[in-house]
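Q: These protein sequence lines are chains A and B, in that order.
Heads up, the first sequence is in my numbering, so the first residue is 1 and it goes up one at a time.
Heads up, the second sequence is in my numbering, so the first residue is 1 and it goes up one at a time.
A portion of the hints provided could be inaccurate.
Just so you have them, the derived chain A footprint on chain B, three or more residues with Cβ under 8 Å [claimed, not checked]:
| # | stretch |
| --- | --- |
| 1 | 1-10 |
| 2 | 43-57 |
| 3 | 96-108 |
Heads up, simulated DSSO-like pairs for lysine-lysine below, C-alpha to C-alpha not over 30 Å straight-line [stated by the list, open to error]:
| # | chain 1 | residue 1 | chain 2 | residue 2 |
| --- | --- | --- | --- | --- |
| 4 | A | K58 | A | K147 |
| 5 | B | K19 | A | K4 |
| 6 | B | K65 | A | K58 |
| 7 | B | K84 | B | K65 |
| 8 | A | K4 | A | K58 |
| 9 | A | K147 | B | K84 |
| 10 | B | K84 | A | K58 |
| 11 | B | K2 | A | K58 |
| 12 | B | K48 | A | K58 |
| 13 | B | K48 | A | K5 |
| 14 | B | K19 | A | K5 |
| 15 | B | K19 | B | K48 |
| 16 | A | K5 | B | K2 |
| 17 | A | K5 | A | K58 |
| 18 | B | K48 | B | K2 |
| 19 | B | K2 | B | K19 |
| 20 | A | K4 | B | K2 |
| 21 | B | K48 | A | K4 |
| 22 | B | K19 | B | K65 |
Calculated from the structure, these hints are not laboratory results.
Cβ coordinates follow ideal geometry from the N, Cα and C atoms, glycine included.
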Amino acid sequence: MSAKKNITLNINGVDHHVQVEPRRTLVDAIRDECGQTGTHIGCEHGVCGACTIMLDGKPVRSCLMFAVQADGARLRTVEGLADGDRLHPLQQSFIDHHGLQCGFCTPGFLMLTAGVLEQEPDISDEGLIDALSSNLCRCTGYQNIIKAVLAAAADMRAAR
Amino acid sequence: MKPASFEYHRPTTLEEAVKALAEYAPQDGRILSGGQSLVPTMALRMAKPAHLIDINGVRELADIKVTEDALIIGAGVRHAAFHKPVVDGALGQLLSFVVRHIAHYPIRQRGTFCGSLAHADPSSEWCLVSATLDAEITATSVRGARSIAVTELIEWAMSTTLAEDEILTSVRLPLLPENTRFGFYEFSRRAGDYALAMSLVTYELADGVIAAPRVGIGGVEGVPRRIAEAEEVLLGQKPSPDLFRAAAEAVANAADPMSDLQASANYRRDLARTVVRRALERSLP
Chain A
1 MSAKKNITLN INGVDHHVQV EPRRTLVDAI RDECGQTGTH IGCEHGVCGA CTIMLDGKPV
61 RSCLMFAVQA DGARLRTVEG LADGDRLHPL QQSFIDHHGL QCGFCTPGFL MLTAGVLEQE
121 PDISDEGLID ALSSNLCRCT GYQNIIKAVL AAAADMRAAR
Chain B
1 MKPASFEYHR PTTLEEAVKA LAEYAPQDGR ILSGGQSLVP TMALRMAKPA HLIDINGVRE
61 LADIKVTEDA LIIGAGVRHA AFHKPVVDGA LGQLLSFVVR HIAHYPIRQR GTFCGSLAHA
121 DPSSEWCLVS ATLDAEITAT SVRGARSIAV TELIEWAMST TLAEDEILTS VRLPLLPENT
181 RFGFYEFSRR AGDYALAMSL VTYELADGVI AAPRVGIGGV EGVPRRIAEA EEVLLGQKPS
241 PDLFRAAAEA VANAADPMSD LQASANYRRD LARTVVRRAL ERSLP
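So that you can see chain A by itself, here it is in the shape it has in the complex (with noise of 0.2 Å):
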């Protein structure tokens, strides 16, 4: 076993200080050492996306970097979406368009989303349903996820 090391993690601006091994994914540290468990762990190497949480805005996939890495970053988690007790917008319209079953793949398609939105915020509906693909669910089924982003998009567009 590796020495632990003394990191701070920013959570929705929250610094929580952690003591880690190098070896421990930042996934895990979020859930395990911050206790902020809406970011869901799946297939921990990179390919369902229930992981993906915002890095300096950008989305990314939490099991693929080490907590280490993420010493003194940004990080944004679906407990940071909502404004207090508003919805963000994707969050309402999965609710309005059946976006979600069981739940477990919905952090991650919302925090994806909601990257690619800040990153690209005239993405194009093609490109949108490009970058839905990063993301596995094995419940709804995608049509309804792609009926709610579009439309969480458009209005968030419009409110512009």
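Take the given structure of chain A and dock chain B to it, following the hints.
A: Just chain B, lined up with the frame of chain A:
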């Protein structure tokens, strides 16, 4: 699915990085850059490096430079940097078309161009681009820096001629002349999956005929490469459906395809013919 233990090193200058690699490479030390191939391999315990030297903090590797005749991409430059053209002209457009075929959006936010070359996966889009356009890399170690043509760098699938203490610090892609046309086509089973076959073609159109043709294939053989037999078919001819079919046939005849769990050699040969023809068709306006 948890990686094995390793010691973590985070240099902030290239000098520190090459020193660390020289020290730890003999003790199974590796470079960690984007990590989008290395980290899953470690999660599956197919790789268990004892030391990781993380070069994400090395500021001097993070840039793209444009010189008079080339684009120079530092080791820290991520795939997503190419979502929009990074340089005016055909090369910038070519890179922004190809990049959308690399894995998925979040993977492209972390993975790097140079890391793809160092990894040397036969289905890497950047390896195909670099081999087709005759790119050169710079390898840096405590012993100094040297240039290596990408065709000399990639020895075989997942195997390069880099010495164990060398970091692939940048790649140099020649800018393309203004009248360059290009076409790229990739076939994979699922969106974002590894290419079973792909082709990049470029040529200049002068007085209606093809000059300086380049026909590259990737994912078909162990190493992406240009197919001279197909380039000879195209040289000096007017673009036409018959000509493109003849060039594609020349690729199918010249290729020595791999066989693996995903596709037999014969199937890959058929795919090679198809992706070359479609890449050529995409080169037309």
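Q: Find the hints from earlier in the document that the structure breaks and name them by number, from lowest to highest.
A: The structure conflicts with no hint, since it agrees with every one listed earlier.
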